[in-house]
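Per full-length UniProt numbering, the sequence shown starts with residue 1, numbered consecutively.
The hints are simulated quantities; they were obtained by calculation from the structure and are not laboratory data. Note that this is a predicted model, so its numbers are computed, not measured. A virtual CB, placed ideally from N, CA and C, is assigned to each residue, including glycine. Be careful, since some hints might not be right.
Claimed, not checked - Restraint-style ranges between C-beta atoms, simulated for each label pair:
#1 Ser-82 with Thr-56: 42 to 50 Å
#2 Leu-9 with Glu-78: 32 to 40 Å
#3 Tyr-33 with Leu-5: 30 to 38 Å
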Amino acid sequence: MITELERKLPGFTYLIYDFFTTLNDRIQDPTKYGFKESNLACCGTGTNRGSGCGRTSTYELCSDPNEYVYFDGGHTTEHCNSQLGELLWNGTSDVTWPLNMKQLYELE
1 MITELERKLP GFTYLIYDFF TTLNDRIQDP TKYGFKESNL ACCGTGTNRG SGCGRTSTYE
61 LCSDPNEYVY FDGGHTTEHC NSQLGELLWN GTSDVTWPLN MKQLYELE
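Take these sequences, add in the hints, and give me the full structure.
In structure tokens form, the structure reads like this:
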């Protein structure tokens, strides 16, 4: 489909970012990326603190969100987002292809 768009639309440029792998790497080996916890959210209640952050009267909140991959059951922390964003901006071809965001931005 993308190659068809390239053919039909002169100047069409795109990038593909492997979000799943980059996030999964951090979940599987958090210490490699500077995290202490990837199976427990910073804020929430229930299993893995996966729900209720701020929506119930009883929830737990960690002391340092930068140590966690996930802030709550559905959102990664600012620290994790910063790493993922850097990969999108300046990642190598195993993460984003055929260009990264910086290369796409620098196209004339």
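Hint check results:
1. Ser-82 with Thr-56: 42 to 50 Å: For Thr-56 against Ser-82, whose Cβ atoms are near 29 Å apart, the range 42 to 50 Å is violated.
2. Leu-9 with Glu-78: 32 to 40 Å: 36 Å, holds
3. Tyr-33 with Leu-5: 30 to 38 Å: 34 Å, holds
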